[in-house]
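Novice: Sequence order for the protein chains is Y and F. Here the first sequence is numbered in the UniProt record's numbering, starting from 1 and rising by one per residue. Here the second sequence is numbered in the UniProt record's numbering, starting from 1 and rising by one per residue.
Any given hint could turn out to be false.
To be verified - From chain F, some residues computed to sit far from chain Y (all C-beta separations above 10 Å):
(1) Leu94
(2) Ala115
(3) Asp119
(4) Ala175
(5) Thr273
(6) Glu430
(7) Lys457
To be verified - Result set (DSSO-like, lysine-lysine): computed pairs, CA atoms no more than 30 Å apart in a straight line:
(8) Y:Lys254 <-> F:Lys72
(9) F:Lys56 <-> Y:Lys72
(10) F:Lys131 <-> Y:Lys72
(11) F:Lys131 <-> F:Lys169
(12) F:Lys169 <-> F:Lys56
Source of the hints: derived by calculation from the structure; they are not laboratory data. Keep in mind it's a predicted model, so treat the numbers as computed, not measured. Note that beta-carbon positions come from the ideal geometry of N, C-alpha and C, so glycine has one too.
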Amino acid sequence: MTTIEEQLMIERRGHAASVARRRTNFVIFLGPAIVLTVLFFGVPVIIDIAVSFTDLSRSLRITEFTTEQYEKVFRTDRRLSQVIGLTFIYVFGTLAIFNVTFGLILAITTTAIRNASGSFFRGVWLLPRMSPSVLYILLWLWAVSPTEAGLVNQVLMQAFGLDAPLDLLTSAPIALIIISNGFIGASMGMIIFTAAIRSIPEHLFHAAAVDGAGTFATIRFITLPALRWPISFVTIYQTLSLLVSFEYILLLTKGGPFYDTTVYALYVYRRAFESGQYGYGAALALFLIVIGVVVALLGWRFFDMERLLQRPRIEVH
Amino acid sequence: MIHWKIAPAALVSAALIGGSAVYLSATPLLAQETVQLELWSRQDPSGPLRPGNVIKAAERLNKELAAEGSSKRVEVAVRESPAKGFDDDALQLLKVFGIGEGPDIFIAAHEWICAFQEDGFVLKLDDYIAKYPQHFGTIFPSLWSSAKCPDGTYAIPQDAEARMFFYNKKLLREAGYDTAFVDAMPQRALSGDLTMDEVLAIAKQVVDKTKAQYGVLHRPNKGPDYIMVFQAYGSDFADPETGKLLLERDKLAAAFGWFERGVKDGVIPANNTAMEFDALRKEFYTGNAAFWMYGIWDLGSVAFPTYGLPQDEKAFSADWGWIAAPAPEKGGSPVSLTHPIVYAIAADTKEPELAARLVGHASAADLNTDHAVTTTHLGIKPEQLEDPRYAKAWPLARATELLKITKFLPNNSQFGDLNGIIYAAIQGIESGRLSAQKAADFVIEEASSTLEDVIVK
Numbered sequence: 001m002t003t004i005e006e007q008l009m010i011e012r013r014g015h016a017a018s019v020a021r022r023r024t025n026f027v028i029f030l031g032p033a034i035v036l037t038v039l040f041f042g043v044p045v046i047i048d049i050a051v052s053f054t055d056l057s058r059s060l061r062i063t064e065f066t067t068e069q070y071e072k073v074f075r076t077d078r079r080l081s082q083v084i085g086l087t088f089i090y091v092f093g094t095l096a097i098f099n100v101t102f103g104l105i106l107a108i109t110t111t112a113i114r115n116a117s118g119s120f121f122r123g124v125w126l127l128p129r130m131s132p133s134v135l136y137i138l139l140w141l142w143a144v145s146p147t148e149a150g151l152v153n154q155v156l157m158q159a160f161g162l163d164a165p166l167d168l169l170t171s172a173p174i175a176l177i178i179i180s181n182g183f184i185g186a187s188m189g190m191i192i193f194t195a196a197i198r199s200i201p202e203h204l205f206h207a208a209a210v211d212g213a214g215t216f217a218t219i220r221f222i223t224l225p226a227l228r229w230p231i232s233f234v235t236i237y238q239t240l241s242l243l244v245s246f247e248y249i250l251l252l253t254k255g256g257p258f259y260d261t262t263v264y265a266l267y268v269y270r271r272a273f274e275s276g277q278y279g280y281g282a283a284l285a286l287f288l289i290v291i292g293v294v295v296a297l298l299g300w301r302f303f304d305m306e307r308l309l310q311r312p313r314i315e316v317h
Numbered sequence: 001m002i003h004w005k006i007a008p009a010a011l012v013s014a015a016l017i018g019g020s021a022v023y024l025s026a027t028p029l030l031a032q033e034t035v036q037l038e039l040w041s042r043q044d045p046s047g048p049l050r051p052g053n054v055i056k057a058a059e060r061l062n063k064e065l066a067a068e069g070s071s072k073r074v075e076v077a078v079r080e081s082p083a084k085g086f087d088d089d090a091l092q093l094l095k096v097f098g099i100g101e102g103p104d105i106f107i108a109a110h111e112w113i114c115a116f117q118e119d120g121f122v123l124k125l126d127d128y129i130a131k132y133p134q135h136f137g138t139i140f141p142s143l144w145s146s147a148k149c150p151d152g153t154y155a156i157p158q159d160a161e162a163r164m165f166f167y168n169k170k171l172l173r174e175a176g177y178d179t180a181f182v183d184a185m186p187q188r189a190l191s192g193d194l195t196m197d198e199v200l201a202i203a204k205q206v207v208d209k210t211k212a213q214y215g216v217l218h219r220p221n222k223g224p225d226y227i228m229v230f231q232a233y234g235s236d237f238a239d240p241e242t243g244k245l246l247l248e249r250d251k252l253a254a255a256f257g258w259f260e261r262g263v264k265d266g267v268i269p270a271n272n273t274a275m276e277f278d279a280l281r282k283e284f285y286t287g288n289a290a291f292w293m294y295g296i297w298d299l300g301s302v303a304f305p306t307y308g309l310p311q312d313e314k315a316f317s318a319d320w321g322w323i324a325a326p327a328p329e330k331g332g333s334p335v336s337l338t339h340p341i342v343y344a345i346a347a348d349t350k351e352p353e354l355a356a357r358l359v360g361h362a363s364a365a366d367l368n369t370d371h372a373v374t375t376t377h378l379g380i381k382p383e384q385l386e387d388p389r390y391a392k393a394w395p396l397a398r399a400t401e402l403l404k405i406t407k408f409l410p411n412n413s414q415f416g417d418l419n420g421i422i423y424a425a426i427q428g429i430e431s432g433r434l435s436a437q438k439a440a441d442f443v444i445e446e447a448s449s450t451l452e453d454v455i456v457k
C-alpha cells in the first residue's frame, strides 16, 4: 500500500530532478554566454571605470585617484564638440546612405534578377568585407592617390578630361571615410535583407501581379513591410558597430587632415595611445559605453525589438 | 743512474707545472660570471651602429675586465623595438619601464630623457662621468646640455647632426637664378641676409618657371626639423629660468604664417602631411621640388645610396646644396637644429658601474666615427675630427659649420606632446582648416588644457 506520503515523496523527487535538470541546462546553454559577457564586457567596463578615476599616464603608474579626467571632459577639452558632431555625421551618413539604403537596393535588385546573376553581384559586394582591412585600405589609398597615378584621377583625367589631379584625402575626407566604410557595411544589410525577401511567400507577389501592381507598388506594399524587422535590426546593430569602429579611418586618413575625420572612438584612441593619457582615454571611453547602451535601449524601445525576438508564428499555407 | 733519478723528477715536475698551469688558467673560467646587460634600441636604418657599437664595446670592456683580474664578463642582449620614430619608441619604453620590464641601457632621443627622469627610470650619471674622464672627458661641452635634466646629467650624447633646407641648384638655375646667386645662398643664410620669405619667393619662381611641382617639402609626421622654422621666428619653447614650456602667441603665429604663405603661394603642398616619407624624398631627389627640410644624415642613408646623388663634393655641389633655416628678416639670426641621440642607463640596473663603462667604451672616438661616417651623423669628440675617415666624409665637415648657430629641442618631458600639437596645427594650416593666428590659438589652448605648467605669453 502506498501512502500519500510516499506518493508525495516520489513527486518531490521528480520535482527535484527536474529542478536539477533545469539548472544543468541553464549552466550548459547559458553558461558560456554569461562567462563571455562578463569577461569581455563586464570586466573591461569595470576596469575602464576604475582607470578613469586615476591619473594613469604614459608610464602606466597611478599616483592618485582623481576626478580630474571628468573635469577635462566637461570643461577644458575644446575638441570634443567637433568630434561628437563629426561622429554623428559619420554614423548617420554611413547608415543612411550605405548600410541600410544601399544594402536594401542591392537586396531588392539582386533578388529581382536571375538567381545566378544575383548571386554573382552579391558575391562581388561581399569582397570588401572579405578582404583584410589593411589590404582593402591600401587599395583605397591607391585609388584616391592625389597624383596622376591614382585610379580615380586616371579615370577623371583620361575619360573626362580633368586638368589637374584631385586630392580627395584633403578635399573630401569625410565623404571618403563614409564611402569606404559603407562599401563594407552594405554587404551585411544586403545578406540579411536578401534572406528576408526570399522568405516572403511567393504567392503574395503573384497575387499582387494579378491585382495589377507594378514593380514599385510590389516593393512598397509587399517587400518593404516584410523587411521591417530586418531593417530595425541592421540599423541598431550597425549604429553600434560604427560608433566603436575606427580602424579603416585610422588606416585611410589617420583621423586627418587636422581633426577632420577623427571620430569619437578614434579620438579616444589618439588620446590614450598616441599621447599616453590613459586615464583621460578611459573617461572618454566610458561615455562611448554609455552612448552605446543608450542607443541599444532606445533602439529596443523605438523599433519594438522585443516583438522581433518573440517566438515566430508559423504561417499556415 | 743520476739520469734515472732526474728523469722521473723532471717528469713529475713537468706534470705538476703543466697541471697547475691548466688549473690556474681553468680556474677563472670556472668562476667567471657573465653579466647580461639588455640594450633597448629602435630598429633604425639611419643608425645601426648605435646598438652595434655597444656590442663592440662589450669586447673591449671584457678585455679590460680580464686585465683587471675581474671575474665578470659582459654580454649585451639587444632588444629591438619596431617603433616608427623616436617619439613612439619613447612612449613604448616608458610603458615597458612602467611594468618593471625595462632594459639596463637604452637609446633615446635627447628631449625624452627628462620624461624618464621624472618617473625615476633613468640613472643619474654625473658621478660616472667624473669617474671615467678617459671615456667622457672630451665629449663636446655643448652636447652635454642635451643630456641634462634640472638636477643633473642623465644621458651620454651618442651623436649630433644638423638640420637644414636642402635645395636643388639645377632647378633654381632653370628658374632664372644665376650660378653666383645660387652658390651664395648658404653664406647669405648664415650671415642673416637671406630670409625665410625669400626662400618662399625662390621656391615660387621654381614652381612657376620650371616643370617642378613643389617648392618646399617637409616631413609628413611629428619630428624635429620643422621646429627650426619656429626657432627662426623666435620660439624656443622653454622658459630659460624655470625650464617650463613656454608658448608665445605672436612668435608662434609668425612661424605658422610662413607655412600659411607657403601653401597660399602654391609652394608647400596642401597635402604634405598626407604624403609618404619616401614619396616626399623621391620628389626632391628626382628633381620635382626646390627645397627639402630635413637633416644631414639623409645624404648618407638615402640620397647617395638610393637616388645616386654624387658622393664627390665637387660633383654634389654643382647641383645640390643646403642652407640653414634663414632669418625671419634681413639682419636677423638664422638657425639650425641638432637633435642628439643619447645612451641612458636604467635606474634599476643591477650593474650600473659596468653599464656606465660599457657606454663609455661605446663612445670611443673610433667607434663613434664608424657610426658618423657610415650614416652621416656628426661626431661627439674633437679627436674624431683628426680621423682621416672623418675628414674624408665632407658632408660632416660642411655640416659642422652649422653647429655655430645650432639650437636644441628643449629637454622638457612634455615637449613630445607639445610637438604633436604643433604638428596637428601645421596640418590644420596646410589643409586650409586654420589660419596662422588660429593655429597659434589652437596650440596654446590645446597645450594649456592637456599639458601641465605651460607658460603663455
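Novice: A separate judgement is required for each hint: does it hold in the structure or not?
Specialist: A quick look at each hint next to the structure:
1. Distance to chain Y contradicts Leu94 of chain F as a non-interface residue, since its nearest Cβ pair spans about 4 Å, not more than 10 Å.
2. Non-interface status of Ala115 of chain F relative to chain Y is broken: a Cβ of that chain comes within 10 Å, the nearest being about 7 Å off.
3. The non-interface label for Asp119 of chain F is inconsistent with chain Y: the shortest C-beta to C-beta separation is roughly 5 Å, within 10 Å.
4. Distance check on Ala175 of chain F: its Cβ is at least 21 Å (rounded) from any Cβ of chain Y, clearing the 10 Å threshold; non-interface status holds.
5. In this structure Thr273 of chain F is not separated from chain Y by more than 10 Å, as the shortest Cβ-Cβ distance comes to only about 7 Å.
6. In this structure Glu430 of chain F is not separated from chain Y by more than 10 Å, as the shortest Cβ-Cβ distance comes to only about 8 Å.
7. Non-interface status of Lys457 of chain F relative to chain Y is upheld: no Cβ of that chain comes within 10 Å, the nearest being about 20 Å off.
8. For the hint linking Lys254 of chain Y to Lys72 of chain F, the alpha-carbon distance of about 50 Å lies beyond 30 Å, and the restraint is violated.
9. At roughly 49 Å between alpha-carbon atoms, Lys56 of chain F and Lys72 of chain Y are farther apart than 30 Å, so this suggested pair is violated.
10. For the suggested pair Lys131 of chain F and Lys72 of chain Y, the alpha carbons sit about 47 Å apart, so the restraint of at most 30 Å is broken.
11. With a CA separation close to 50 Å, the supplied pair Lys131 of chain F and Lys169 of chain F exceeds the 30 Å bound.
12. Of the supplied pair hints, the one linking Lys169 of chain F and Lys56 of chain F is violated, its CA atoms being roughly 41 Å apart against a limit of 30 Å.
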